[in-house]
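As you go down the protein sequences, you meet chains A and B in turn.
Counting from 5, one number per residue, gives the positions in the first sequence under this note's numbering.
Counting from 6, one number per residue, gives the positions in the second sequence under this note's numbering.
Treat the hints as calculated values from the structure; they're not laboratory data.
For clarity, every value in this text was computed on a predicted model and none was experimentally measured.
The beta carbon of each residue, even a glycine, is placed where N, CA and C say it ideally should be.
A portion of the hints provided could be inaccurate.
[What the hints assert, rightly or not] Listed next, with one range per pair, are the computed distances between beta-carbon atoms:
1) A/82 / B/38: 27 to 33 angstroms
2) B/245 / A/84: 26 to 32 angstroms
3) B/22 / A/78: 41 to 47 angstroms
4) A/35 / B/100: 52 to 58 angstroms
5) A/16 / B/245: 26 to 32 angstroms
6) A/78 / B/190: 36 to 42 angstroms
7) B/33 / A/88: 49 to 55 angstroms
8) A/92 / B/187: 54 to 60 angstroms
9) B/100 / A/41: 49 to 55 angstroms
10) B/187 / A/6: 53 to 59 angstroms
11) B/201 / A/92: 44 to 50 angstroms
[What the hints assert, rightly or not] Examples of chain B residues lying across from chain A (beta carbon under 8 angstroms, computed):
12) 13
13) 79
14) 121
15) 124
16) 214
17) 215
18) 237
19) 242
20) 245
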Amino acid sequence: MDAYEAGQPVDSTKYRGLIGSLLYLIASRPDIQFGVCLCARFQANPKESHFKAAKRILKYLKGTTNVGLWYPCDSNISLSGFSDSDHAG
Amino acid sequence: MHKIDDMNIIGTKWVFRNKMDEDGNIVRNKARLVTKGYNKEEGIDFDEIYAPSARLEVVRLLLAYACMCNFKLHQMDVKSAFLNGFLNEEMYVSQPPKFEDHLYPNHVFKLKKALYGLIQAPRQWYERLNNFLLSKGYARGAVDKTLVIRKYDNDVILAQVCVDDIIFGSNNNTLCEEFIAAMQGEFEMSMMGELTYFLGLQLKQLKHGTFLNQSKYCFNLLKKFKMKDCKEVATPITIN
Numbered sequence: 005m006d007a008y009e010a011g012q013p014v015d016s017t018k019y020r021g022l023i024g025s026l027l028y029l030i031a032s033r034p035d036i037q038f039g040v041c042l043c044a045r046f047q048a049n050p051k052e053s054h055f056k057a058a059k060r061i062l063k064y065l066k067g068t069t070n071v072g073l074w075y076p077c078d079s080n081i082s083l084s085g086f087s088d089s090d091h092a093g
Numbered sequence: 006m007h008k009i010d011d012m013n014i015i016g017t018k019w020v021f022r023n024k025m026d027e028d029g030n031i032v033r034n035k036a037r038l039v040t041k042g043y044n045k046e047e048g049i050d051f052d053e054i055y056a057p058s059a060r061l062e063v064v065r066l067l068l069a070y071a072c073m074c075n076f077k078l079h080q081m082d083v084k085s086a087f088l089n090g091f092l093n094e095e096m097y098v099s100q101p102p103k104f105e106d107h108l109y110p111n112h113v114f115k116l117k118k119a120l121y122g123l124i125q126a127p128r129q130w131y132e133r134l135n136n137f138l139l140s141k142g143y144a145r146g147a148v149d150k151t152l153v154i155r156k157y158d159n160d161v162i163l164a165q166v167c168v169d170d171i172i173f174g175s176n177n178n179t180l181c182e183e184f185i186a187a188m189q190g191e192f193e194m195s196m197m198g199e200l201t202y203f204l205g206l207q208l209k210q211l212k213h214g215t216f217l218n219q220s221k222y223c224f225n226l227l228k229k230f231k232m233k234d235c236k237e238v239a240t241p242i243t244i245n
């Protein structure tokens with residue numbers, strides 16, 4: 005998916021509304037974070053295919069409405085960091 | 006006082022709302038007088054209007070910390086919070102519609118405290134709350150300015166302020182009670198008990214941990230975009 009997808013442009017107000025609503029949901033749903041952020045890149049000129057991708061996230065949510073985050077009492081509080089940089093090698 | 010020609014008068018209007026409970030039944034009818042505070046000029050009508058508010062991430066962080074330290078978070082809110090702020094500027098409002106004084110139709114009111122709709126109302130409320138808490142010996146977070154904190158040896162009380170909603174918790178119950186008493190002494194508060202619903206987040210504080218989800222928000226989202234009856238898929242993005 006990229007910004008120059010062929011196809012009909014869609015109502016960008018509606019598209020932005022959908023992205024905005026999904027962004028708020030990320031508070032308890034890191035599983036859709038990547039998908040929402042990917043869709044959020046095309047807000048300037050959304051096409052049919054972008055809208056379809058955004059709606060797929062909704063379809064996914066339909067089946068997973070009740071999931072959320074679980075903080076167990078006995079968890080470890082130490083901070084971990086991860087990095088995936090390969091320094092352009 | 007009597008209207009003067011070059012006085013900048015702000016109009017007022019009534020806003021009526023019905024408060025609904027979770028099932029959509031009307032539980033309360035609300036009427037609120039608001040000012041038409043738009044198109045005001047900076048420097049004349051207001052100076053500083055920035056007011057911080059707790060971020061969602063910060064709320065989550067507090068939740069995780071409370072969970073790890075094994076204490077419960079509670080919630081309270083301030084009734085008509087913005088009406089508590091004091092004004093630094095001279096402001097005048099017209100008489101409320103339908104409540105005009107027939108003997109003095111040309112009079113206006115001078116405001117001492119903020120009203121809803123004024124551009125500086127959130128700032129003044131934040132200022133008032135902040136000054137009050139500082140005077141009571143609470144400190145503000147060094148990085149996160151919406152965090153209220155107070156330490157006694159091994160005990161600590163933490164609170165997050167999100168405009169008029171306050172979530173707080175402590176490993177020592179007396180600290181909580183002290184905080185509640187202080188707030189109730191200064192502002193009109195309504196206690197909401199244990200934290201269960203905050204900014205659209207549904208929370209369950211259980212014995213072995215805390216569960217956080219947004220199923221209600223998610224359901225309304227599907228309804229809003231008319232996807233309530235769509236087919237389910239297993240992944241959020243297409244595979245290859």
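C-beta pair residue 187 of chain B, residue 6 of chain A: status relative to the range 53 to 59 angstroms that was hinted
Since the Cβ atoms of residue 187 of chain B and residue 6 of chain A sit about 56 angstroms apart, the hinted range of 53 to 59 angstroms holds.
Do the Cβ positions of residue 100 of chain B and residue 41 of chain A conform to the proposed distance bound of 49 to 55 angstroms?
Given range 49 to 55 angstroms: holds, Cβ gap about 51 angstroms.
Identify whether the interface hint at residue 214 of chain B stands, where standing means a beta carbon of chain A within less than 8 angstroms of its own.
holds, 4 angstroms
Between the beta carbons of residue 245 of chain B and residue 84 of chain A, is the distance compatible with 26 to 32 angstroms?
holds, 31 angstroms
For the pair residue 78 of chain A and residue 190 of chain B, does the Cβ-Cβ distance stay inside 36 to 42 angstroms?
38 angstroms Cβ-Cβ, so the 36 to 42 angstroms window holds.
Do the numbers back the hint for residue 245 of chain B, that is, is its least Cβ distance to chain A under 8 angstroms?
Because about 12 angstroms separates residue 245 of chain B from the closest Cβ in chain A, which is outside the 8 angstroms limit, the hint is violated.
Grab the minimum C-beta distance from residue 242 of chain B to chain A and call the hint holds if it beats 8 angstroms, violated otherwise.
holds, 5 angstroms
May I ask you to test the interface hint for residue 237 of chain B with respect to chain A, counting a Cβ-Cβ separation under 8 angstroms as satisfied?
With a minimum Cβ separation of about 3 angstroms from chain A (threshold 8 angstroms), the hint on residue 237 of chain B holds.
Hint check: is the beta carbon of residue 124 of chain B less than 8 angstroms from a beta carbon of chain A?
Where the cut-off is 8 angstroms and the nearest Cβ of chain A is about 24 angstroms from residue 124 of chain B, the hint is violated.
Let's test the interface hint: is any C-beta of chain A closer than 8 angstroms to that of residue 13 of chain B?
violated, 35 angstroms
Could you see if the CB distance from residue 35 of chain A to residue 100 of chain B stays within 52 to 58 angstroms?
With a Cβ separation near 55 angstroms, residue 35 of chain A and residue 100 of chain B satisfy 52 to 58 angstroms, so the hint holds.
For residue 22 of chain B and residue 78 of chain A, compare the CB-CB distance with the range 41 to 47 angstroms and indicate the outcome.
holds, 44 angstroms
Hint compliance for this structure: hints 1, 12, 13, 14, 15 and 20 are not met, and every other hint is.
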